[in-house]
Amino acid sequence: EAQVTQNPRYLITVTGKKLTVTCSQNMNHEYMSWYRQDPGLGLRQIYYSMNVEVTDKGDVPEGYKVSRKEKRNFPLILESPSPNQTSLYFCASSLVGAGTLNSPLHFGNGTRLTVT
Amino acid sequence: GNSVTQMEGPVTLSEEAFLTINCTYTATGYPSLFWYVQYPGEGLQLLLKATKADDKGSNKGFEATYRKETTSFHLEKGSVQVSDSAVYFCALSERGSTLGRLYFGRGTQLTVWP
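Chains as they are written, first to last, in our numbering: chain A, 1 to 116; chain B, 1001 to 1114.
Hints are computed from structural coordinates only; laboratory data are not their basis. There could be a bad hint or two in this list.
As the list claims (entries may be wrong) - The following residues of chain B were derived to be distant from chain A, with all beta-carbon distances above 10 Å:
1. T1012
2. E1042
3. Q1045
4. A1053
5. K1056
6. G1061
7. S1072
8. H1074
9. S1079
10. L1102
11. T1111
Stated by the list, open to error - Under the rule of at most 25 Å between Cα atoms (straight-line distance), these lysine to any residue pairs were calculated in the SDA-like manner:
12. A:K57 to B:G1001
13. B:K1056 to A:P104
14. A:K57 to B:Y1025
Claimed, not checked - A few chain A residues facing chain B, derived, Cβ under 10 Å:
15. G58
16. R72
17. N73
A quick note: this is a predicted structure, and the numbers were derived from the prediction, not measured. All C-beta atoms, glycine included, are put in the ideal place defined by N, C-alpha and C.
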C-alpha cells in the first residue's frame, strides 16, 4: 500500500532532550516536506526537500533540522526541544514538487509532540 | 507574497444542508489552487484542484471554481452528510520555480449533525 509513515504517533519529552521523528514513503517520491499544525494557525511548512541531498527552509525552520540522505526517508530532528515546539507534525511527499496538479501531496497520519 | 485566507470556523450544519466555505488568495503569479480535507486523527488528503481561471474542480459532491477576477476558490456542496465532518484547508502553489512551496489557509472545521 502506498503510504507515508511517521513514527512515533505520540511523543512526550522534556525540554532540551534531543529527539527525531522519522518519516518514510514507499512511492519513490522525489519531494518531501514537514509541516506543523497549530490551532488557529493552520499548517506551516518547516522544511522541504526537492530530492536527495537537497533541502530548503520553509516558513518556520528555527529549532529544527532535517536530512535527506536517501529518497525514501526524511527525518525531522529537534536538537534541543522547547515547549513552543509542542505541536502536531505532518510529513508529506509528492512525486515532483508540492503543488503540481498531477503530483498531489500525500500526508502521514501525524506525530503529536508535547515538550514539557 | 503568497497567502490564503479562509472563513473562520467552526461551521455547524444539519445533514442535507448546503455548504459554502470561502477561500480567497493573494499570489504574485498565476497559482494553482487546491482544497485538502483532514478527517479526525488523519493526515490531509487532496479533495479537489484547479489550474486556471474558470476551471471547476470537483470530487465527492464538492465543487470549487477558480475565480481570477475575485481571487477566490470557494468550496461548495449541495447536501452535506455526517461523514463530511472534517477540517478543510484551501491551498495554493505558484507555478514555475517555487514548486517546493504550498501555502495553506488556517483551515475550517465542519461539523454535520444528523
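Right, here's what the structure says about each hint:
1. T1012: The assertion about B:T1012 holds, with a minimum of 18 Å to chain A.
2. E1042: violated, 6 Å
3. Q1045: Label violated. Min Cβ-Cβ 7 Å, cutoff 10 Å.
4. A1053: holds, 15 Å
5. K1056: holds, 14 Å
6. G1061: The claim holds: B:G1061 sits with its nearest Cβ about 19 Å from chain A, beyond 10 Å.
7. S1072: holds, 18 Å
8. H1074: Per Cβ check, B:H1074 is outside 10 Å of chain A; nearest 17 Å; holds.
9. S1079: The claim holds: B:S1079 sits with its nearest Cβ about 26 Å from chain A, beyond 10 Å.
10. L1102: violated, 4 Å
11. T1111: Per Cβ check, B:T1111 is outside 10 Å of chain A; nearest 16 Å; holds.
12. A:K57 to B:G1001: holds, 16 Å
13. B:K1056 to A:P104: Answer holds: B:K1056 to A:P104 is near 17 Å, not above 25 Å.
14. A:K57 to B:Y1025: holds, 22 Å
15. G58: holds, 7 Å
16. R72: violated, 17 Å
17. N73: Where the cut-off is 10 Å and the nearest Cβ of chain B is about 17 Å from A:N73, the hint is violated.
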